[in-house]
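Each chain is listed here by its residues.
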Amino acid sequence: MSSTLIRAERPLFEGADWEFSTIQRCHDEISKIALGEMGLDIYTNQIEVIGTEQMLDAYSSIGMPLFYKHWSFGKHFARNEAMYQAGMQGLAYEIVINSNPCISYIMEENTAMMQTLVIAHAAFGHNHFFKNNYLFQQWTDANGILDYLEFARDYIMSCEERYGEVAVERLLDAAHALMSHAVHKYPRKRTADLRSEEKRERERREHDEKVFNDLWRTVPGKDNAKNNPTAEEQRKAILQLPQENILYFMEKTAPRLAPWQREVLRIVRIIAQYFYPQSQTKVMNEGCATYTHYEIMNRLHAKGLLTDGAMVEFLSSHTNVVFQPEFDDRRYSGLNPYALGFAMMQDIERICKTPTAEDKQWFPHIAGCNDHMNVLRDVWANYRDESFILQYLSPKLVRQFGLFHVMDDSNEPNLRVEAIHDERGYRKIKQALAKQYDISWTSADIQVVDVNLAGDRKLILHHRALNRVLLEEKDARQVLQHLADLWGYDVLMKEVDPGTEAVLKEHAASPRPGIVKVEPAA
Amino acid sequence: MHIVDRRLNPSGKNLANRQRFMRRAKQQIRKAVHESAGSRSIKDADEGGEVVLPAQGVHEPSFRRSSSGGIRDHLLPGNKEYIAGDTIARPPGGGGGSGSEGSPDGEGEDDFRFALSREEFVDLFLEDLELPDLAKRRVVNAEAVVFHRAGYSVSGSPANLALNRTVRNSLSRRIALRRPKAEELQALKDEIEALSDGSDEPRRIALEEELLRKQRRTGLIPYIDPLDVRYKRFEAMPKPVAQAVMFCLMDVSGSMTEHMKDLAKRFYVLLYIFLKRRYKNVDVVFIRHTHQASEVDEDTFFNSPETGGTVVSTALEEMQRVIVERYSPDNWNIYAAQASDGDNTASDNDKTAALLTKVLLPACQYYAYLEVGRDSEHFPPGFIRRDSDLWQTYSTIIRNGAPMAMRKVGHRRDIYPVFRELFAKKNQGAEAHAE
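If you read the protein sequences in the order shown, they are chains L and D. Just so you know, my numbering puts 24 at position 24 of the first sequence, and the rest follows in order with no gaps. Start counting at 1 in the second sequence, then tack on 1000, and there's your number in my numbering.
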């Protein structure tokens, strides 16, 4: 920020009060900067002004404007309401939804400055990220989500009417318990269309012709035994096992579910999938939005559109948002994604504009390129938290945050400091930190491995206990019970050590009647 | 860009979820309400407010990696003194150096606290309570009148016009009187039109005459005649109302300590909330007594100090007087609750018993006696408490099978259980219904 004081010549607003025309004006000015100067690319904005109760409402239904009914949402609402009323928790200034048009909820209690800030942050920062990041493009359908949610709500309501609230509630309980393991982590093979098949065939033939060598014919053939799959392998192939999307497996394979029950599982699964990218891009998403609002607010001020008073109010609020307490601070509760994200975005700008020798060594492809917006837009489009940190966490930031890596092995009496912010540690810290944001590393790796549909139909799951970390036992037992209720037959979960394949622990559950008809045990 | 003002949207969108949650956690909420009722002051009893539920009951499980054991990496900001290879003693709690990292979804295993609205609280608070034997139902005057449909009438207000019936009458009258239909007239007109080229003059004239005749007839016979009009008729039916009167009798003499008065007051406040809540038609009469009794208003009853001796029968006489004057036992369900420390002037006991058995109990549906005592914890062990005069007197009456119940209360926390005992629903089949 330039240190010269700029007099606001034609401020967008003065004082804290705002009206709808103020919001319109702010939006238009921000739009000029964001689209014209920063080159952002956004969905059309829809800004909705809401009150406290509606904000609490949005909290309880994971931020979505409409949602099906379930007691757990009532629970979250009651909890948040109690916390809010007791003054233990403030409310967010905004909530933004990845939809087209992009809906941002802004609170009526915000000051005019705060409305400007949240519009810049959510309606432009997050909006750009939603529209451009590859994960969102791959996994979410911004055009369809609101319609789908409406369908989901109506469908579940009609199920409640036909089959009773209790039946639907039990099913949703089970589905929600499995929601964390209801996503496809890798894009599935797309069904091939004729044209691309032909093209591929042609390419393959050309390749064959190019590398043709008659000699290969004379090489003794491989053992053909491998090509005859065993019955077990065939079975697994038909059921697409192993399968890590447990709800998907239930929806497609569980023998006793009624069609409406499969549809409900599908709804929960699709919603889980919709939120999957958000859990992988917290740092980047917030970094992108925070960087955007910081940039926009400063430019507004420079253009004389913000008063100095509003600017001071903004800086104070911004500083709170990107505050990172140190590990020994009472306020410390993990790395603040806003702080880390914002610092990394700013750092990229610095590397592009005024690189040091160190930067040139670490980031030769962007150091001094002088077009930081281009680099940032590329980053926002093509990375997720894990790959972003792995690629762009600079030594300077590691020093600035004073990051250090502590290893806690429960077999050792003491914790050990593995790496600190020094020459030997940068790379280690970068890798270790990236791993913390890798969802396949942080969430339990659970897969359906086998079931003999022709036999006793016992469902077998494996949890590959990475680093010997087992599942929370009480929870695991409850979820497994839900799973057995859905499956209708016994369920067995083995926790195995991924290195040695040794079974560390087993949990089993037998179905209770309720969701599906259960045969009495033999 | 659109700006939408959602603030005016109907609130309470979450109500359905809240109800589902309340139903789900009903057992626990009920327990929490009853527990908190013991600890909070009765005056606040119908205020609603925060209750605390154990987290486990409404827990939503998921597959989570355990927070202990195995090998864990922590990346922490703010290094000051550590260098690579340092060892750090494991902090107590075994959580590693991560401070308070909270579970992934921000939900701790703490107890779950949330606020109940006043309505919800009182509903749960007074659940399952019922005035016993609310038997006599009486037809009372104008205020409890309901209107029932009772056929049709020829007069009434336009708002009550019975359209179907009116049109039906009109139709049958028109058919009976052969009022020409519009189509008939139109057909005639068309035919005349067709003949207007002069091809069949006599027929045209005949037709025109017929048309004229029919048109006159149409004019004479109206489409809807006042005769056809019918109105929906409503009849005022007196609605049987179960009405009850509750007598609250309290000893306010010198022997009643502040503690005892406090207990009695609490009991009555509870009773009062219960009655106000459960029954629309309940009168409450407050009678306090020392050596003389008087009917007072609610505020005086609860708040104003008084001193004097103790003659219980005076209160009963006062109650008798009020019953005779205002609440005929034929028309009213009469309930009485008496609170006292059990002291009575010895010479008065016989009179009291006689009044009760001969006059009051036959008139009453239910008579509850609450004996308030000193904090029972203060009695030294081995101390045998002699039953009070009143307790002995009443015991004899109950032994003879009168509709009466009595309990002792020594501590604030007993009030609510005793209250529930006295008014718990005995059997669902009884003819005791709230209006």
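No lab work stands behind these hints, which were simulated from the structure alone. Misleading hints may appear alongside valid ones.
Computed footprint of chain D on chain L; a stretch qualifies when at least three of its residues, placed anywhere within it, have a C-beta under 8 Å from a C-beta of chain D [claimed, not checked]:
(1) 73-83
(2) 395-407
A few chain L residues that face chain D, going by a derived Cβ cut-off under 8 Å, partial list only [claimed, not checked]:
(3) I23
(4) Y43
(5) E48
(6) G304
(7) Q324
(8) L335
(9) S410
(10) A419
(11) A432
(12) V479
(13) L492
Derived lysine-lysine pairs resembling DSS-like cross-links, with alpha carbons at most 30 Å apart [claimed, not checked]:
(14) L:K517 x D:K1351
(15) L:K360 x L:K396
(16) L:K185 x L:K360
(17) L:K474 x L:K428
(18) D:K1351 x D:K1265
(19) L:K360 x L:K458
(20) D:K1080 x D:K1013
(21) D:K1031 x L:K474
(22) L:K396 x D:K1013
(23) L:K236 x L:K428
(24) D:K1031 x L:K428
(25) L:K474 x D:K1408
(26) L:K282 x L:K131
(27) L:K282 x D:K1261
(28) L:K396 x L:K458
(29) D:K1080 x L:K282
(30) D:K1031 x D:K1351
(31) L:K435 x D:K1408
(32) L:K505 x L:K185
(33) L:K360 x D:K1013
Just so you know, these numbers come straight off a predicted model, no measurement behind them. Positions of the beta carbon are idealized from the N, C-alpha and C atoms, including for glycine.
Checked hints:
Requiring three or more residues with a Cβ within less than 8 Å of a Cβ of chain D, the coverage given for the segment 73-83 of chain L holds, as 8 such residues are present. Requiring three or more residues with a Cβ within less than 8 Å of a Cβ of chain D, the coverage given for the segment 395-407 of chain L holds, as 7 such residues are present. A hinted interface residue such as I23 (chain L) counts as satisfied when its beta carbon comes closer than 8 Å to some beta carbon of chain D; here the least separation is about 6 Å, so the hint holds. A hinted interface residue such as Y43 (chain L) counts as satisfied when its beta carbon comes closer than 8 Å to some beta carbon of chain D; here the least separation is about 11 Å, so the hint is violated.
Annotation: interface hint on E48 (chain L) holds; nearest CB of chain D at approximately 4 Å, less than 8 Å. Below 8 Å, beta-carbon pairs count as interface contacts, and G304 (chain L) has none with chain D, the closest being about 23 Å; its hint is therefore violated. At about 6 Å, the closest approach between the beta carbon of Q324 (chain L) and any beta carbon in chain D falls short of 8 Å, and the interface hint on this residue holds. With a cut of 8 Å, the hint placing L335 (chain L) at the interface with chain D holds, because the nearest CB-to-CB distance is about 7 Å.
Given hint, S410 (chain L) at the interface with chain D, holds; its Cβ is 5 Å from that chain's nearest Cβ, closer than 8 Å. Taking 8 Å as the C-beta cut-off, the interface hint given for A419 (chain L) holds, the closest approach to chain D being about 5 Å. Interface hint status for A432 (chain L): upheld, as the beta-carbon distance to the closest one in chain D is roughly 5 Å, under 8 Å. For V479 (chain L), the interface hint holds, since its Cβ comes within 8 Å of a Cβ in chain D; the closest pair sits about 5 Å apart.
Taking 8 Å as the C-beta contact cut-off toward chain D, the hint placing L492 (chain L) at the interface is violated, the least distance being around 15 Å. At most 30 Å may separate the alpha-carbon atoms for a hinted pair to count; K517 (chain L) and K1351 (chain D) exceed this at roughly 70 Å. For the hint linking K360 (chain L) to K396 (chain L), the alpha-carbon distance of about 12 Å falls within 30 Å, and the restraint holds. Proposed proximity of K185 (chain L) and K360 (chain L) is contradicted: the alpha carbons are some 35 Å apart, above 30 Å.
Only pairs whose Cα atoms come within 30 Å are accepted, and K474 (chain L) paired with K428 (chain L) is rejected, the gap being roughly 35 Å. For the hint linking K1351 (chain D) to K1265 (chain D), the alpha-carbon distance of about 26 Å falls within 30 Å, and the restraint holds. For the hint linking K360 (chain L) to K458 (chain L), the alpha-carbon distance of about 58 Å lies beyond 30 Å, and the restraint is violated. Pair hint K1080 (chain D) plus K1013 (chain D) does not hold up; C-alpha atoms about 50 Å apart against a cutoff of 30 Å.
For the hint pairing K1031 (chain D) with K474 (chain L), the CA-to-CA distance comes to about 24 Å; that is within 30 Å, so the pair holds. For the suggested pair K396 (chain L) and K1013 (chain D), the alpha carbons sit about 49 Å apart, so the restraint of at most 30 Å is broken. A C-alpha spacing of about 39 Å is found between K236 (chain L) and K428 (chain L), which places the hinted pair above 30 Å, so the restraint is violated. Note on K1031 (chain D) and K428 (chain L): the hinted pairing is violated, with a Cα-Cα distance of about 53 Å set against a maximum of 30 Å.
As the CA atoms of K474 (chain L) and K1408 (chain D) are separated by approximately 45 Å, the hinted pair breaks the 30 Å bound. At most 30 Å may separate the alpha-carbon atoms for a hinted pair to count; K282 (chain L) and K131 (chain L) meet this at roughly 15 Å. For a cut-off of 30 Å, the pair hint linking K282 (chain L) to K1261 (chain D) is broken: about 62 Å separates their Cα positions. A C-alpha spacing of about 54 Å is found between K396 (chain L) and K458 (chain L), which places the hinted pair above 30 Å, so the restraint is violated.
Taking the CA atoms of K1080 (chain D) and K282 (chain L), the gap is about 27 Å. The hint holds against a cut of 30 Å. Using a Cα cut-off of 30 Å, the hinted pair K1031 (chain D) and K1351 (chain D) is violated, with the two alpha carbons roughly 44 Å apart. Taking the CA atoms of K435 (chain L) and K1408 (chain D), the gap is near 68 Å; set against the 30 Å cutoff, the hint is violated. Of the supplied pair hints, the one linking K505 (chain L) and K185 (chain L) holds, its CA atoms being roughly 26 Å apart against a limit of 30 Å.
At roughly 56 Å between alpha-carbon atoms, K360 (chain L) and K1013 (chain D) are farther apart than 30 Å, so this suggested pair is violated.
Violated hints, listed in ascending order, are 4, 6, 13, 14, 16, 17, 19, 20, 22, 23, 24, 25, 27, 28, 30, 31, 33; each of the other numbered hints is respected by the structure.
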